[in-house]
Every structure is written in C-alpha cells, then in structure tokens.
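Enquirer: Chain residues, written in single-letter form:
There are 2 protein chains.
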Amino acid sequence: MNTQSTRIGKHRLLEVAEKLFTQHGYQAVSIRDISSAAGVTNAALYYYFPNKDALFDEVIEHHADKLALHLQEAGSKADTPRKKLAAMLHEYATYVPEHRSLLFSLRRKTDDANRKQLDRHHRQIVNRMLAPIEKTLKSAAELGELRNLSSEYSPASLLLGLLHGMLQHQNNWSNCQIKTEDINLVIDIFWDGLSSK
Amino acid sequence: MNTQSTRIGKHRLLEVAEKLFTQHGYQAVSIRDISSAAGVTNAALYYYFPNKDALFDEVIEHHADKLALHLQEAGSKADTPRKKLAAMLHEYATYVPEHRSLLFSLRRKTDDANRKQLDRHHRQIVNRMLAPIEKTLKSAAELGELRNLSSEYSPASLLLGLLHGMLQHQNNWSNCQIKTEDINLVIDIFWDGLSSK
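As you go down the protein sequences, you meet chains A and Z in turn.
With my numbering, you'll find the first sequence wraps up at 197, consecutive numbering, no jumps.
With my numbering, you'll find the second sequence wraps up at 394, consecutive numbering, no jumps.
Please note: incorrect hints may appear among the correct ones.
In silico lysine to aspartate or glutamate, EDC-like type, Cα no more than 20 Å apart, as pairs [said to hold, decoys possible]:
id	chain 1	residue 1	chain 2	residue 2
1	A	19	A	33
2	Z	313	A	98
3	A	83	A	145
4	Z	216	Z	255
5	A	116	Z	295
6	A	116	A	61
7	Z	207	Z	258
8	A	179	Z	349
9	Z	332	Z	288
10	Z	216	Z	250
11	Z	249	Z	212
12	Z	376	A	152
These are calculated hints, taken from the structure and not from any lab test.
All figures in this text were calculated on a predicted structure; none of them were measured in a lab.
Bound conformation, chain A alone (with noise of 0.2 Å):
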C-alpha cells in the first residue's frame, strides 16, 4: 500500500464514520457498522485504528478542522469584525444542530478515572472548531471594540454559550432554523456587555 492510497484509505473510513456516528451517536454504532458501511473487513479498518475509541477520536479531530474551515470561509465573505461574528455565529447555528449526535458522544460515558482527560480532549477539539470565532474577536480587541479579557477567559467560549443559551430555549437544535435578528441580539449583548468603553 502506498502513502496515497493508504490517506484515501483512512480519509473514506473517517467520513463512512463520522455519517454513522451522526445518525446514530456513538454507543449504537459498532466496528463490525463501519467497515460493514465502508465495504471493508475488520482487518482494513484495524490497519488504521486500533480501537473505536481511537477511531472516533479522529473522526471528531477531522470534523473540528471542518466546522473552523466553514467558520473561517463565512466569515470571510464579511468586513468588520462584528459582521464576521454574525456570519460566523449564523453557520454555527445551522451546521451544528445537524450534528449533535456526533458532538454529544463527547461526552460518551467513561469511568471518573478517565473523566479528566476526556474533559481537556473535549476542550481541545472544541478549542480547534471555534479557532476562526476566538481569532475574530481578539482582533476586535486589538481594534479597540472589545476590552481584553484575561487570558483564562475564553471570549469566544462565552459568546458560543450565550448562542446555546439562545438556540436552547427556542429548541432549536431541532429546527435548525435560527433567524439573523437571534443571531444579532447575540452579538448586541456580548459587544455592549464586553465594550471597551
């Protein structure tokens, strides 16, 4: 097997898995689903991963590097800062509600051993997806619209969960239907709560 191959290989194995951890979470799907799904044998697809615990770790790695890729180009269509939030926060809002099953086997259960370690892993694939947001909003305190924050604060994380506070009270992580006056609001609260005045 060549080096080509074998990333075509395992670039198809990661999508066949993460539409199967999508549509069904994590627990439901076993080994025996995927390489089924992907038409491969147990073998082929432990040639990759050794377990699938492993597996889903990169198939939530590959989907971070997604969601920060249509993150960064929404927000790249806009001027300001503050526009580039609101798209931004707008591909959010629709792109993450279709796959909460994916994102909610994050919180697959473990034993309190391994809860730790789950939590900073959680926090690490979360810090990669929101990336283009947190990058956004530091320059808009280098611009002077915001006041910085200490460095153990997170802007984007609180700016994301005044988002889910928003989207969960509307049950929209159903409907995936998120309107641009919610999505403003958002952002209206967050910059007069954090202006530099």
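Knowing the structure of chain A, use the given hints to seat chain Z on it.
Expert: What follows is chain Z alone, placed relative to chain A:
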C-alpha cells in the same frame, strides 16, 4: 396501602433511582437495578411507574424542583437582584456538575419521531429549574436595571448560557470549583449587555 405510605414509597423510589441515574447515566441503569437497590420487587416498582422512561421523567421533574428550591434559597439571602443572581449562579455552578450524568440523560438517545417531544420536555424541565433566576431577572427589568427583552427570549437561558461557556472553557464540569470573580465577570457582561441605557 394508604395514601401516606404510597407517597413515602414512591418518594423513596425516586430518590434511589435519581442516585443511580446520577452515578451511571440513563442507559446503564435497569429497572432491576433500581428495585434491587431500593429493596423492593420489580412489581412494586411497576405499581408506580409503567416503564423506565416514565420513571426517569418523574426523577428528572423531582430533581428540577429540588434544584429550583436550592436556587430560591441561595437567592433569598441577598438583597438586590444582582446579588441574588450572583448567589444563585454560584449555587447552580456547584450543584449542576455533581448531577451532570442525570442532566445529560435528558438527551438520551431517541428516534427522530420522538426528538421534538423530548426537546419540548427538556425545555419544560429546564424552565422549572431556572424559574427563580427568570423571576429575579424579571424583577431587575421592572426596577429598570435591565431592559426588557421580547417575550420569545429567556434572559435566564442567556445568562446560564454565558455561565456554561465559562464553565466549559475551564473544564469546571469536572472539578466543581468556580471562583467568585468568574461568577462576577459573567454577571458584569450580562448586566452591561442588557443594561437599560
């Protein structure tokens, strides 16, 4: 069985079930585990609850009312809306992480047909939990400290979203330690973001 002992019996079963669901999550706990831990027969359990789903629904409602009571009590010791909210958020940030397996079980696996119903039920439970916070925010708006939002929005959900964003970034779901200054930052952002200027 008279009404008194019926109530006590049911209440104890709910407490036992809540403890097991909190420790192990919804999926991992069976009706048999609960009846066994409570020292009753399966038949006794089925006398009160037609199935595990119905039992879980009562557990979570029972739990929501307990959390609301905790929040209410925490807030009652302070004298201004802002101080009441700080006390309630502190209580929430201490109480909720200890019960996260239970709360995450609200998002238990379901087919798409039941998803909307489950989301609606989830929303009702969250509204019951957050009622004391919603009420305090309403009185802050009546006092002119915060502006009124249109009735389709829930200020409490937005405020809690902000808190969740903070907690998640700090991995505070695990270590259950939130600093007073973190609570204050969340409230400052929210207050400035929604001030009635």
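Enquirer: Work down the list of hints and note, for each, if the structure agrees.
Expert: Tested hints:
1. A:19 / A:33: holds, 11 Å
2. Z:313 / A:98: holds, 14 Å
3. A:83 / A:145: At roughly 13 Å apart (the allowed maximum being 20 Å), residue 145 of chain A and residue 83 of chain A satisfy the hint.
4. Z:216 / Z:255: With a Cα-Cα distance of about 13 Å, the restraint between residue 216 of chain Z and residue 255 of chain Z holds, given a limit of 20 Å.
5. A:116 / Z:295: holds, 14 Å
6. A:116 / A:61: holds, 18 Å
7. Z:207 / Z:258: Satisfied, since the Cα-Cα distance of roughly 14 Å is no more than 20 Å.
8. A:179 / Z:349: holds, 12 Å
9. Z:332 / Z:288: holds, 16 Å
10. Z:216 / Z:250: holds, 16 Å
11. Z:249 / Z:212: Given pair residue 249 of chain Z, residue 212 of chain Z holds - Cα atoms ~14 Å apart, limit 20 Å.
12. Z:376 / A:152: holds, 12 Å
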